[in-house]
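Number of protein chains: 2
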Amino acid sequence: MRRLPLALALSALLPFVALAQAEPAAKGTKYRSAKEIIDAAPDSAWRDLDPANTLYMELPAGRVVIELAPGFAPEHVANIKTMAKGGFWDGTSIYRAQDNFVVQFGDVDADDAAKAKKHPAGTKEKLPAEFTRKGPARFDRLKDKDGWAPQVGFTDGFAVGHDPAKKETWIAHCYGALGAGRNNAPDSSIGAELYVVIGQAPRALDKQLTMVGRVVQGMSLLSATPRGPEPMGFYEDPAQRAPITAIRLASDVPAAERTNLQILRTDSQAFIDATEARRNRKDDFYTIPAGHIDLCNVPLPVRTKK
Amino acid sequence: MRRLPLALALSALLPFVALAQAEPAAKGTKYRSAKEIIDAAPDSAWRDLDPANTLYMELPAGRVVIELAPGFAPEHVANIKTMAKGGFWDGTSIYRAQDNFVVQFGDVDADDAAKAKKHPAGTKEKLPAEFTRKGPARFDRLKDKDGWAPQVGFTDGFAVGHDPAKKETWIAHCYGALGAGRNNAPDSSIGAELYVVIGQAPRALDKQLTMVGRVVQGMSLLSATPRGPEPMGFYEDPAQRAPITAIRLASDVPAAERTNLQILRTDSQAFIDATEARRNRKDDFYTIPAGHIDLCNVPLPVRTKK
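Just so you know, the sequences run in chain order A and B. Counting in full-length UniProt numbering, the first sequence runs from 1 upward without gaps. Counting in full-length UniProt numbering, the second sequence runs from 1 upward without gaps.
FYI, nobody ran anything at the bench for these hints, they're computed from the structure. Since this is a predicted model, take the numbers as computed values, not measurements. Accuracy of the hints is not assured; some may be wrong.
Any copy will do: because identical chains look the same in the list, a pair fits if it lies in one copy or spans two.
As the list claims (entries may be wrong) - Derived pair list, reagent style DSBU-like, types lysine-lysine, alpha-carbon separation capped at 35 Å:
| id | residue 1 | residue 2 |
| --- | --- | --- |
| 1 | Lys306 | Lys30 |
| 2 | Lys306 | Lys166 |
| 3 | Lys167 | Lys118 |
| 4 | Lys81 | Lys134 |
| 5 | Lys85 | Lys117 |
| 6 | Lys166 | Lys143 |
| 7 | Lys134 | Lys145 |
| 8 | Lys115 | Lys35 |
| 9 | Lys124 | Lys81 |
| 10 | Lys305 | Lys85 |
| 11 | Lys166 | Lys282 |
| 12 | Lys30 | Lys118 |
| 13 | Lys30 | Lys134 |
| 14 | Lys282 | Lys167 |
| 15 | Lys126 | Lys282 |
| 16 | Lys145 | Lys85 |
| 17 | Lys117 | Lys30 |
Chain A with its partners taken away, still in its complex shape (with noise of 0.2 Å):
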């Protein structure tokens, strides 16, 4: 008797299906739920993922969809693509999953100059770091409070940091963010070897590393992969390694074969309400609202193109 009820009851937190942001819902209306009203939004509240902005990282188990952040750093970006197009992490791996941390995947022999591989003619070998965006930039703002950046909110899609003093807005280190893994030198990373957050947000790394774009489908595939033994999660066994088949920019594969995704804007109605349904919930469930959301528990929903 517990199960399916437990199930059904907590099923309104649904990871990939809810939301949450700045302007109150309006009041004195019925109650719905984040998913009554995602369902009820309506086309215009949806954006097309961007073929030429988005990464398929085909595994042997399936696809994960990444969307790029050009916004946020364009220059790695712009690597990224070159790197995708030259087949670079073809035949490469995930070589690294650490618990409640990353997965970080590329070339495993990065670090010996002999065994390295080639990166794809037009690579750029050195790069500024790309750590916050500064200027303006259209943001989305959450109203609740968070203890890591003066202000938190959606950019471009993303769930960011901001910070009005200094105008710099950053990509936040929610689960499925993609960053660029480097050195101890801030323009130590070009793109190559990449990692994307598995577990509780390691936000103090926000605005410490260059963050090019975030997972949008696919995340149980990287989420799932068995922890490295050795330390900070990384295989020895190249055999323990998770092969990738191939990395390609959505816009290089043949329109058949692509994952047509549209996502919730973030400045939709749709999505302020839904946010507000989570921040408050009413249900049989939950017997007291939250008054709260934390930035990294916003689902971002995603659907399939009609």
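With chain A fixed as given, assemble chain B onto it according to the hints.
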């Protein structure tokens, strides 16, 4: 060149080797990393895990060690001990793994009166909800702000929310927290069906369920469970469910077969200092101190008893 340096640089963020808390570290002294502080902690800073309040969940791949929380849920914990002694979970399964949320385990047929596994003699079939702990309890407060609770910190070594006005304390839904699944009725859990948080802390669930403990070792045996293909992460195909060999109370296991662990006390100076070292990191990798740590980003260090 980007593999090990990144790994080493991020190493101080290892989830199971670090910490955080209320009082500031001594000023004017040389910066020490959390790891250095913990490694230098005196034996008196560590407490033994009590075998009478420790569960061993035996999976084919290894042992998950769980610390029970009798101070928060005395009735549920007593029932869980009765069920463990009676072998209730032996041969049951992890029947749900929902990405970025929870794994859930117990008797998959619990809802089917005809097939449900009989509870061991002495199991109470009705318990009160134990969502919050009333009255005085030692509370080691984190100074960091939190959106979900008036105050946060540690009680009995568990990450908790605290409401000084209502004099209530509750275990927060951080990564690794163990809760009792329930139906819509608040008093519908008895501890037979349990869940463990495996993603971004779903703290909207705080104070809505009875929390009975947390995983102190072996989380990756749960978090890397392949996600269930059905809605909410269920597996309809029994072959996909992860089998549970047994769940035993450590005190019922022969001493030679126990996993003897110690936990760093959350009221120790080492814990307080290590937390401060994480809040404001100073090393060759981190260029900006965060000045903050989230309750659910504070690791609770565990070591093998010498």
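Which earlier hints turn out false for this structure, listed by number in ascending order? The structure breaks hints 2, 3, 12, 16 and 17; every other hint is satisfied.
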